[in-house]
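Chemist: If you want the building blocks of each chain, they are given just below.
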Amino acid sequence: MSVLLEVEKLEINFGPTAAVRGASLTVQRGETHCLVGESGCGKSVTALSVMNLLVKNATRRAAKLAFQGEDLLSLSDAGMARLRGNAMAMIFQEPMTSLNPAYTVGSQMTEVLRRHKKASQRAASDRAADLLARVGITAPGMRLGQFPHQLSGGLRQRVMIAMALMCEPQLLIADEPTTALDVTVQAQILRLLANLQRDLGLGLLLITHDLGIVARVATRVSVMYAGEVVESAPTAELFANPKHPYTQGLLRCVPVPGKIRRDQPLGSIPGTVPRIGPAFEGCAFRERCDFADATCAHAVPRHKAGPVHDFLCRLT
Amino acid sequence: MRRGWRNAGTWFGAAIVGAAAFCAVFAPLLVPHDPFVQDIPHRLSVPFWMAGSDPQHLLGTDQLGRDYLARLIYGCRISMLVGITVSLTSGIIGITLGVLGGFLGGKIDDAVLFAITTRLSIPVVLVALAVAGLLGSSMTLLVLTLGLLQWDRFAVVSRSTTMQVRNLDFVAAAWCAGCSRLRILAREVLPNIASHLVVVATLEIALAILLEAALSFLGLGVPPPLPSWGLMISEAKDYMFFSPWVIMIPGITLFVLVLGINLLGDGLRDLFGARTQP
Amino acid sequence: MLRFLVRRLIVALLVTATVMVLAFILTRLSGDLAISIAGPNATQADIETVRKAYGLDRPLIVQFFDWAGRAATGDLGDSYFFKTSVSSLLAERMPVTLTLGLTGLLIALLVSLPLGILGAVRENTAFDRLVQIVAVLGQAMPSFWLGLILMIVFGLWLGWLPISGTDSWQSYIMPGVVLAFSAIPALTRLTRAGMIQAISSDYIRTARAKGLTRASILLKHALRNAAIPVVAIAAVQLGFMLGGSIVIEQVFALHGVGFLAWESIQKNDFPVVQSVVLVLAVIYVGLTMLADILNAVLDPRLRSS
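Residue numbers (the working numbering), protein chains in the order written: chain W, 1 to 316; chain L, 1 to 278; chain Z, 1 to 305.
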């Protein structure tokens, strides 16, 4: 089955606040699907809710949330735990604090394999060393015995990636994996992820706010704004033919060397992200949109601009 | 909801402390009899809820015929007095040390830390007992001894809060404006650490009351015939298997008073956002 | 790491030396010891004899260094009352106090750890509030009174436990429970706070993302970090328990070091009193060093310097 993850009309609420108001996306095997948007748009929350890792007071609803055809919404916590770290894995934004300081790198890596595949300590250690080498860490045997505080941020993130791969997952969710790293390290980690994804045939759901990363690695892009996916398209098509005013605005903000002119101001989108109350209706972008009219305050239609390109706007 | 519980507890604590303060201040007006007058023929009469009680003595009499209720109320006075004076004394010592160490830093701070460490390693009850045993027990000696021993938490908290405040911008601004150290201490540091210290003071009062009770229980605290609750429990120990109410009553009042003070202190801590640990 | 330990050791020695001075001063507070030892009916000649016999005619400084020097080698002098060496008295009584202290600590940990963990896991529920209430009540409880109540209920009415003496291991249960009460509030609060912090940390989110079992996440990952300060404080609490055992030992007639100190105060047995203060202080200092070592052992971040 080539469709790994199906998310349809996902809604997430933290008490009265609606963090996600209807996100839909799919991730196929072998594809890198980037979920892009600014801070607070709900992209991290979406990723966390796929693995059901949200805090207790979050409520989650969706028309469909399935992994390899299996419904995730009705899965018990124990059932979900069997999938996590196993068939689907996740890496996070803060490598400095995401590893347990009290245990060695090796023990944290081997415990995943031993928990899910009942592997022996020896087999698990061997695989851990293999994966550390795979993610570009030298002297992997020594690293297994080290503690997280002895590694740099970039190394820790590589360990996180290797740890996520221990049980050969089909789906890897990466929540802004390079945001907290230096620029040079960022490029290395992205290249690593791209290579691994290609070699292992993973489906990769990559959360980011950086359009540069999207352009570099994404097969497909979903743009999120104020809790909704406003546009979704293959990468090349999104950059060539953005249909949603927000996407257009975003792309205008990216200065392209050679194309920008000195006498023109850098692009920006006026206004700020609105606060979405419980009874919000219509398009969340209308206050900042040049093309908004009265109908934008009511239900917004979803149009298609191509076989796999859709967007949420009244314009076509 | 947690706030709500805290509030109920805080009000309860405030009510207890208020009642105790009232009893302490107005004790002579509240008691039906003189707590020191002995009445041997009427010793060990039972409280009003038991059969055969004497209507003259609501809570009965102790082993020397003294009115129990009167001794209880006077005991409240003693507990409050000891608690407050000890807290005051240890507070002065501890706050001075802590503020000096936290503000001046360097070798002075090392010395203060050393003093705190040394004080913590000294067994307080033992030393207080030894002092009373060697010099004879008296209220003054008790308060002095406990005051000289119980300053550690004051010192620790005032030191850490002073260090925090010292690094804040408005202190640097005052420094730049040419204020003297003393002025900075008085006008910038002390007002900002005051709320934390009030909370520590309430907890220390509770602790001092418990300590005094323990010392009086062992016979080397408040000297008899002064009716300390600890002493009353000790005197009742010999009869406790036959007349359990004799140790229950002062024990319950002691427990309730300390509980009330602690709840009030916790409530104040929540109110001020203060810290009681470094 | 080694440098840190060496520095702590130096501080520990200095503290011990200071306590020695203080303990010495403590017993000399009442003025002329010879008069106290000789008794109320002594004549002037008797007092002089006593003074010479006990070396109390020497200058105070000399007396101090004599005692301090010998104490450093383990010779704490002789008891005025028991007519044996203080060291042998302490050696004889120490096991009782240690057993009592360790029992108290064990009970305290057995109660505090589960309560703290459960309170954190069920944060802000009715159970959590119950845990906090227990902590508040425990803090207000007068230990000697609790001991007496337990005696009445479990010793007299139910007859389950012995009310005095150290004949069997059951003798340590009630006094152990009373001692534990003094430590339970602090340990419970610390465990709960540490667990709440650990549970909301990023590495626990990672552990959940790895699909580990709930037990593994709580006990292997969260507790391991939350327990670091608890273990250190527990060692210090043991120090407080040992130092404060005098009240409990008196209530339950346990012949430990605290009881010995109590008897010695009554009898003006100064060498014992000053030695007990010193020994208890040394034990406390040792336990705080143990706490530092435990911290370093449990927290890998403290090990490499």
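Simulated from the structure, these hints should not be mistaken for laboratory data.
Since this is a predicted model, take the numbers as computed values, not measurements.
Take these hints with a grain of salt, some might be off.
Unchecked claim - A few chain Z residues that face chain L, going by a derived Cβ cut-off under 10 Å, partial list only:
| id | residue |
| --- | --- |
| 1 | I61 |
| 2 | S143 |
| 3 | V282 |
Yeah, the Cβ is synthetic: ideal placement off N, Cα and C, and Gly gets one too.
Chemist: Are the hints correct? Go through all of them and say.
Modeler: Evaluation of the provided hints:
A distance limit of 10 Å between C-beta atoms decides the matter here; for I61(Z) the minimum to chain L is near 20 Å, and the interface restraint is violated. The beta carbon of S143(Z) is positioned within 10 Å of a beta carbon in chain L (closest approach about 7 Å), and the interface hint is therefore held. Nearest Cβ of chain L to the Cβ of V282(Z): about 8 Å, under the 10 Å cut. The hint holds.
Hint 1 from the list above is the single one not met by this structure.
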